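K.L.:
This is what each chain is made of:
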Amino acid sequence: KNQVEQSPQSLIILEGKNCTLQCNYTVSPFSNLRWYKQDTGRGPVSLTIMTFSENTKSNGRYTATLDADTKQSSLHITASQLSDSASYICVVSAGTGGSYIPTFGRGTSLIVHP
Amino acid sequence: SQTIHQWPATLVQPVGSPLSLECTVEGTSNPNLYWYRQAAGRGLQLLFYSVGIGQISSEVPQNLSASRPQDRQFILSSKKLLLSDSGFYLCAWSVWGNTEAFFGQGTRLTVV
Chain A
31 KNQVEQSPQS
41 LIILEGKNCT
51 LQCNYTVSPF
61 SNLRWYKQDT
71 GRGPVSLTIM
81 TFSENTKSNG
91 RYTATLDADT
101 KQSSLHITAS
111 QLSDSASYIC
121 VVSAGTGGSY
131 IPTFGRGTSL
141 IVHP
Chain B
877 SQTIHQWPAT
887 LVQPVGSPLS
897 LECTVEGTSN
907 PNLYWYRQAA
917 GRGLQLLFYS
927 VGIGQISSEV
937 PQNLSASRPQ
947 DRQFILSSKK
957 LLLSDSGFYL
967 CAWSVWGNTE
977 AFFGQGTRLT
987 VV
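In the order they appear, the protein sequences are chains A and B.
Going by my numbering, the first residue of the first sequence is number 31, and it counts up by one from there.
Going by my numbering, the first residue of the second sequence is number 877, and it counts up by one from there.
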């Protein structure tokens, strides 16, 4: 069964600090991994996508890493801002030939305090 | 540009009443469509997905059903709601060959 596990479940940090969120997965056949940001009461929005051959990808203050051998990914947020408070969801897609089924992690709830 | 509309935004329904949530997509053809539920403190759970008109796949057995009467319309229904059906329901779409999913604003359903 395809599974995506995220840690920590919740995280509280001070504005300006860095943090790292973790994602472990067992998905086959692996297609790609995305990190989504979900503001409270809204739908998730994609931050980054990583394929099997990519190790690191950045999007502004967000940097995602992928280790396909250990099936782990991380999302590093640099110099956090109050607007970073949200749920961050790791999504791993399985499939081939254009048909993909995503498996969602439960998300990490990040709270940034001033 | 593509847009997704989901309504209503909030809904309070008594136990045993029927449910109909509607989702429409504009600006794209033959999208893959998804219904997700997000219970309080839990992650997103895929309920149904559809790759074409009349084609519905169910991920989990439940009290809900889905239909796709038109290419860009996806409906989530129930004949009799249970308390456990409460949650945040999200409709999403993607295109064939692209794994990025675009989500609607969600419907907060409270069954009382």
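Derived by calculation from the structure, the hints in this document are not laboratory data.
Only a predicted model underlies this, so the values are computations on that prediction, with no experimental measurement involved.
Wrong hints could be hidden among the right ones.
What the simulated footprint calls covered on chain A by chain B, stretch by stretch (three residues with Cβ under 8 Å from a Cβ of chain B suffice, anywhere in the stretch; the number is not a length) [unchecked claim]:
| id | stretch |
| --- | --- |
| 1 | 83-92 |
| 2 | 102-114 |
Chain A side only, calculated, beta carbon under 8 Å to chain B, not exhaustive [stated by the list, open to error]:
| id | residue |
| --- | --- |
| 3 | Lys31 |
| 4 | Gly46 |
| 5 | Asn48 |
| 6 | Cys49 |
| 7 | Ala98 |
| 8 | Tyr130 |
| 9 | Pro132 |
| 10 | Arg136 |
| 11 | Ile141 |
| 12 | Pro144 |
Quick reminder that beta carbons are idealized off the backbone N, C-alpha and C, glycines included.
K.L.:
So, against the hints stated earlier in the document, which numbers end up violated here?
P.N.:
1, 2, 3, 4, 5, 6, 7, 11, 12
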